Amino acid sequence: MSKKTGGESSNDELLTGSRRDFLKQSSLLSAIALSPGTIVRAAENQWDEKFADVAEKIPVTLEVNGVSYSVKVEPRVTLLDLLREELHLTGSKKGCDRGQCGACTVHVNGVRINSCLSLAVTNDGKKITTIEGLANGDQLHPMQEAFIKHDGFQCGYCTSGQIMSAVALVKEGRTQSREQISEFMSGNICRCGAYSNIVKAIQEVKNNQV
Amino acid sequence: MNPFQYTRSSAAAGAIQSLVREPQAHLLAGGTNLIDLVKMGVVVPERLVDINPLPLKSVEKVANGSLRIGALATNSEVADHPLVLQDYPLLSLAINAGASPQLRNMATVGGNLMQRTRCNYFFDTTMPCNKRAPGTGCGALEGYNRMHALFGASDHCIAVNPSDMNVAMVALDAVVHVKGPKGERTIPFGEFHRLPGDHPERDNTLQRTELITAVSLPASAVAFKGHVHYLKVRDRSSYAFALVSAAAALDMDGTTIRQARLAMGGVAHKPWRLHAAEAFLKGKPANAATFRQAAEIAMQGAKAYQYNKFKLTLAPNAIVQALQTASA
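Protein chains in written order, with my numbering: chain D, 1 to 210; chain S, 1 to 328.
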C-alpha cells in the first residue's frame with residue numbers, strides 16, 4: 001500500500017467515517033425490521049393498529065355530473081386525483097397541484113374550487129360538476145362554444161379549468177367590465193397567453209344572457 | 001402526500017379532544033394552506049381532524065352590536081355578506097385582494113388566521129428555517145429576502161404574515177373567539193399573531209389544543225365605513241402575495257379626521273397596526289401633508305435587509321395613497 005499524503009488520508013477518514021455510519025445505520029434498520037421483539041413491542045404499543053389506520057380507506061359517496069359514485073379512498077387522495085385516477089374523468093387537469101394555476105377547477109355544490117387542494121373525503125355527499133358535465137349530449141355549453149369561436153386557448157391544457165371558472169364567473173355576476181372579468185378570472189393561469197380571447201368569450205356569453 | 005389518519009368531527013368538544021390526545025393532529029378546514037403544506041412535506045400530520053361539519057358558518061349581528069363571523073364561513077361568504085359590505089367594507093376589500101376566487105370559496109376565516117408564512121425558506125424543506133425546524137437557522141436573514149419584514153423581526157426569523165384579511169381585521173379591532181379543553185376565551189386580534197422573537201415556530205398565541213370558533217367585529221368600527229381603502233402592492237396586478245399592503249379607515253367630520261385606523265401587511269410577522277400614526281391623524285385635516293407625516297411616523301423603527309430596501313420607500317407611499325383614496 002502506497003503512503004498517502006495528509007490530505008488524502010483525512011479525506012479517506014471522512015469517507016470511511018461516513019461509510020461506517022451508513023453501515024451502522026442500515027444494520028440498525030435491518031435489526032429493527034427483523035427483530036421479533038420489535039414486532040411484539042409494536043403490537044403492545046398498538047402500532048400495527050395505527051399503520052392499519054393509515055392505510056385504511058374511507059367510504060365516500062358523491063355525485064359527479066349527475067352520476068352517483070360510492071368509492072373507498074385513502075384520506076390523502078385529493079378530489080382531483082379521485083376524479084382522474086379512480087373515476088377516469090381526466091378533463092380536470094393537474095397543472096401545479098398546489099392551487100396556483102386553476103387547471104383543476106371544478107364546481108362543488110355549484111361553487112368553483114381548486115380540486116387539487118380539496119381532499120376527496122371532505123367532499124362526501126357533495127355534488128361535483130366537471131368539464132365533462134357541462135355539455136348537454138352533443139350540444140356544447142355556450143361557454144364551450146364561445147371559447148372555440150374566439151380562440152380562447154392555444155395548447156388547451158388550462159382550458160377546462162378556464163371554462164369551469166368562466167361558467168361560475170358569469171353565475172356570480174362578476175362580468176361588469178373587462179377589468180372585473182380579468183380580476184375574477186385571475187385564479188386561472190394560461191401559459192400560452194390566450195387571456196384577451198378568453199375575456200371576449202366570456203363577454204359574449206354574458207351579453208347573450210337575457 | 002405522506003399518509004395520515006382522518007377523523008371527521010361534528011362537535012367542537014370532539015375536535016378539541018382529538019388535539020388533546022394526539023400531539024401531531026391538525027385541524028382541517030378549507031385546506032387551501034394545510035394541504036399544500038402537507039404535499040410539500042412542511043407539515044407532516046399524523047391525523048387530520050376535519051372540522052367542516054361543525055356549525056360555525058353563520059355571520060350574524062349579536063346582542064352587543066358586534067358582527068360575529070363563524071370560523072368556518074368562507075372568505076367569499078364573508079367578503080360578499082351584505083352586513084360586511086354595509087358596515088365593514090374594508091374587510092371585503094382586503095379579502096378580495098387576496099388569493100383567487102376558487103381559493104376564497106374554499107378558505108375559511110379561521111384558516112386565514114392560521115395561514116403560515118409564504119417565506120420560500122419555510123416552504124423549501126432543504127433549506128434552514130427556524131419556523132419549520134427550530135434551531136436550523138434562518139435562510140432568509142442572509143438570503144433572498146425581498147418579500148421579508150421591516151418591523152418586529154428577530155435574528156431567528158424575518159418572515160411576514162401573508163394574509164390580507166388579517167390586516168383589515170386588526171385595523172377594525174376584531175376579537176378572536178376560541179374554545180379549548182378549559183373552556184372559551186377571547187383574544188384581541190392584535191394579540192392573536194405574535195412576533196417571532198426566540199420562538200418563530202409559534203405564529204400566534206392560540207394554544208395547540210384550542211379551536212377558533214369565531215371572529216367578531218365591534219360596533220365601534222362601523223364609524224369608519226364611509227372612508228376605507230385597502231391598497232395592495234404586488235409583483236403582478238392580481239393573485240400574488242403582498243410586497244406591502246396598507247389598510248386605511250377614516251371617521252371624517254367634513255375634511256377633518258375624527259379618528260383613523262391604519263395597518264400594514266407584508267411588513268411584519270403579524271398584521272402591523274400603526275397606532276402612533278393613528279394618534280397623529282386624530283383631529284388633523286385630511287390632506288397630502290398630513291398623510292405624508294403620518295407615513296413617516298409609521299415607518300419609524302423600520303429595518304430593511306439586503307433585498308427588501310425598496311420597501312422602505314414603497315411602504316410609506318402605500319400608506320399615503322391608501323389614506324388619500326380613503327379620504328376622497
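Among the hints, erroneous ones may be present.
Lysine to aspartate or glutamate pairs mimicking EDC-like chemistry, simulated, CA-CA at most 16 Å apart [said to hold, decoys possible]:
1) K39(S) <-> D97(D)
2) K200(D) <-> D151(D)
3) K171(D) <-> D80(S)
4) K39(S) <-> D151(D)
Have a look at the derived ranges for each label pair, beta carbon to beta carbon [stated by the list, open to error]:
5) S238(S) <-> K171(D): 16 to 24 Å
6) S177(D) <-> T325(S): 44 to 52 Å
7) R258(S) <-> E132(D): 30 to 38 Å
8) G14(S) <-> H88(D): 48 to 56 Å
9) S70(D) <-> L312(S): 52 to 60 Å
10) T205(S) <-> N109(D): 33 to 41 Å
In case anyone wonders, no lab produced these hints; they're calculated from the structure.
Just so you know, these numbers come straight off a predicted model, no measurement behind them.
Virtual Cβ for every residue (Gly too), placed ideally from N, Cα, C.
Status of the hints after comparison with the structure:
1. K39(S) <-> D97(D): Status holds; Cα separation ~9 Å.
2. K200(D) <-> D151(D): 9 Å, holds
3. K171(D) <-> D80(S): 14 Å, holds
4. K39(S) <-> D151(D): 35 Å, violated
5. S238(S) <-> K171(D): 16 to 24 Å: For S238(S) and K171(D) the Cβ distance comes to about 20 Å; the hint holds.
6. S177(D) <-> T325(S): 44 to 52 Å: Once the Cβ atoms are compared, 19 Å apart, the range 44 to 52 Å for T325(S) and S177(D) is violated.
7. R258(S) <-> E132(D): 30 to 38 Å: Violated, since R258(S) and E132(D) (Cβ atoms, about 57 Å apart) do not stay within the stated range.
8. G14(S) <-> H88(D): 48 to 56 Å: 36 Å, violated
9. S70(D) <-> L312(S): 52 to 60 Å: 58 Å, holds
10. T205(S) <-> N109(D): 33 to 41 Å: 35 Å, holds
The earlier numbered hints that this structure contradicts are 4, 6, 7 and 8.
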